[in-house]
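The listed protein sequences derive, respectively, from chains A and B.
The working numbering puts the first sequence at residues 1 to 529.
The working numbering puts the second sequence at residues 1 to 323.
Hints are supplied without guarantee of correctness; some may be wrong.
Between beta-carbon pairs, the in silico distance windows are [what the hints assert, rightly or not]:
(1) 488(A) / 14(B): 50 to 56 Å
(2) 221(A) / 34(B): 56 to 62 Å
(3) 510(A) / 121(B): 36 to 42 Å
(4) 311(A) / 47(B): 39 to 45 Å
(5) 42(B) / 311(A): 47 to 53 Å
(6) 295(A) / 14(B): 19 to 25 Å
(7) 55(B) / 306(A): 49 to 55 Å
(8) 14(B) / 423(A): 40 to 46 Å
For the record, the hints were derived by calculation from the structure and aren't laboratory data.
Every residue, glycine too, gets a C-beta built ideally from N, C-alpha and C.
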Amino acid sequence: MSRRPGFVLEVDTSTPPTLFWNGEGFTLETLPVGSRVIYAPEPVKAIDDPYGAIRHALLHPVGDRDPLPALLRPGMKLTICFDDVSLPLPPMEAPDIRQMVIETVLDMAAEAGVDDVVLVAALALHRRMTEEELRHALGNRVYDAFAPHGLLTQHDAEDPDNLVHLGQTDQGEDVEINKRAATSDLLVYVNINLVSMDGGHKSVATGLASYRSLRHHHNPQTMRHSKSFMDQPASELHSSNWRMGRLIAESGVKIFQIETTLNNDTFPSNFKFLQKREWEWSLRDRATFAATSTALSKTPPRIARQIFQSIKSPHALTSVQAGEVEAVHALTTANVWAQQGVDVEGQTDILTMGLPYICPYNVNSIMNPILVACLGLGYFFNMYRGKPLVREGGVVIMRHPTRPEFHPGHHPSYIDFYEQVLTQTIDPVQMHKEFEESFATDPWYVHLYRTGHAYHGVHPFYMWYWCAHALAHVGRVIVVGGDAKAVRRLGFSPASSMNDALEIASDVVGPSPTLTHVHNPPIFMADVH
Amino acid sequence: MARSGILGRVRTARFPFAAPSWPTTVDRPDPERKVGLDYDHDWSRRYPVRLARAVMMDNVTRPAARLLAPATVRGLEHLQHVEGPLIFAANHASHIDTPLLLTTLPVEFRHRTIVAAASDYFFDRTWKSVLWAFALAAIPIERSKVSRRSADTAAELVEDGWNLVIFPEGGRSPDGWTQPFHGGAAYLARRTGRPVVPVYLHGTRHVLPKTVEAGARAPGGSGTESRLGGRLRRSPIAVLFGAPMTPDEGENARRFSARVEAAVATLSREVHSDWWQARRAVSAVAPVDGAETAHRGPDASAWRRSWALDDPPSRRDGKEWPD
């Protein structure tokens, strides 16, 4: 049977209740008759022979690039950079696609007699990956061949000795990236494009950049003018990255970009019901839902978190393309949209969404309130092309427990941001002016970022800026089932039930609003006409 | 009270504890079930299943069949010196035909025989597919049209050494007279090179009559079948095996099928006479070429067709009127 495209359901009296993620759990909500529910397209068929496809892509590059073997020679300096633990979500079942690509690249490098090879995790300001995470992403064979010799490194955006300033763009943006990568004869970048925001020039210009460089596009002004940052031509974030990327290329950095796309087969068989349409749930699906939701409701959050964070996704490779950055990325973006695009007619007054336990910044960690806001307003809100799903002045209703819990090792600056900044202002522009610099340059945060597994001190600001477009666009944000104090701290309205939330929303959008629900998993991109 | 409370709760259960209703705006696709021709019946021929089936056939089905339908079996001598696999082509008047035929087969054939069963009837639900695949070693066959897939499956199994029971009429006779044969048995014989054994089953419709659908009975019809439809009733039967037949050189499936049909019709005449009388009666009607010699019954009203069929054997087996 061929896969079914995305689908917009109009809720009627026969429609069964709709699934909502609720952090480390899920629930069913009965949506008002006439509401719309957007379902993602079904998974694209996976490539049967991923290693074969990768090899073919490396031998048949697109754009102005020779096949990879032709670019490899003895005595050269080769740096292989790869996306960090934030991709894909949830982490994929072994073998990770990065492992498959890097093994193939290393086979060719070994064949060509290249000795000077270094691997760099393109972290930007994210936390350093643990050994276990690196082993999962790269495989033991790669890890054991490089890590013991100090040849498996993680980008350090605060290491002045390993950064190089390549110049400024015509807009005055500093371009400062990883020195080893910039001074190599060839930089091979291995990417995973889970959403259309990923990849392209953003891989190097963001993933290997310093704070000095990142601040030019990770700021409230850029984010507000990225409508959305999932739609590259309409994204100021991407315009800035593209300017930087072109400058990097003009500076003589030779990049061989390898981009991959995955299908949206997100959860293993035990949780398959999450990505099915509710009226198609089998007896097994219903029993699994009932059993797991009941069990999870009685499980301490810490244990539930560990259970969910241990889930590995059966994501499978759907395309791989290699060569010159822009030519590669054009193909990649088309493939991402082929998997995730759903046509939606018109905007809505109320946009509802259930938020899961995971976002790019809490893999093997805790989803703190700032990340809840970022996932809802930064990611789900921005999953559109054309117009936002919710009209200007509309309401976003999110479902998540939003507990004021933080991972002290991973998110130390988030705790202070929550206590010191959000208590003063929730305005991205004001916090950018008044607080960002002190967090970004705080030596303790820098130390934790460089030596521990902490996100950079400025990272919570970026998460809040990620919400800037949504915060400027919507009239109210309501969180159902969240910790009331934490929700208010974020500047949102708490509601104990969906009905309460709709009642609160009616103050903003009137008594007979239209409602659209973002059904996930899996994720999708709305093409809003 | 407690019972009604539990039942009430079950009745009022809502999703996810009850099955989801289907949004009216969404087209309901055909269920993707592995049933019908798609049903995977390989398991039913694995050794443990065969063993279990043989135990059940010999210890449950066979005694029950003997009790329910005492059988007069003729023509088994035709099977004594023939090597399998064979294709048994029988007339079909009742659902009970299959187990009755299987239980009268000699033991060397009985436990290595599969049955071609209508995919749309016996394999339309998973539970039915499992039941018939296990109990009768049934395989799904497309009966409404020629299906290469069905034919391939059956042919492969015959070539693999399995005897096959097939009812070439494609369905049960509505009134006991034989319907025109489809060419399936003849085709398989030609394709596999295995002989066809004509079989006539007499009286099985009295054991388990075909249910007449509501409203289908013509005014003035016998009404017997509608009254008895679907209910088991003890009644003797007769099973007559003919000599194995192979296609003549150059004989196509259609002509061979007609010959098989005629052989079955000849066997039907043996029920109340003997082989020689039956042969003579057939020769007196027409050369062996299908329709003229077939067991079709008079072209008359429903009751006359029923009347023209032999009386139920049970009536004749009753006590003699005292002198």
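Here is how each hint holds up against the structure:
no., hint, verdict
1, 488(A) / 14(B): 50 to 56 Å, "34 Å, violated"
2, 221(A) / 34(B): 56 to 62 Å, "58 Å, holds"
3, 510(A) / 121(B): 36 to 42 Å, "57 Å, violated"
4, 311(A) / 47(B): 39 to 45 Å, "40 Å, holds"
5, 42(B) / 311(A): 47 to 53 Å, "35 Å, violated"
6, 295(A) / 14(B): 19 to 25 Å, "20 Å, holds"
7, 55(B) / 306(A): 49 to 55 Å, "51 Å, holds"
8, 14(B) / 423(A): 40 to 46 Å, "43 Å, holds"
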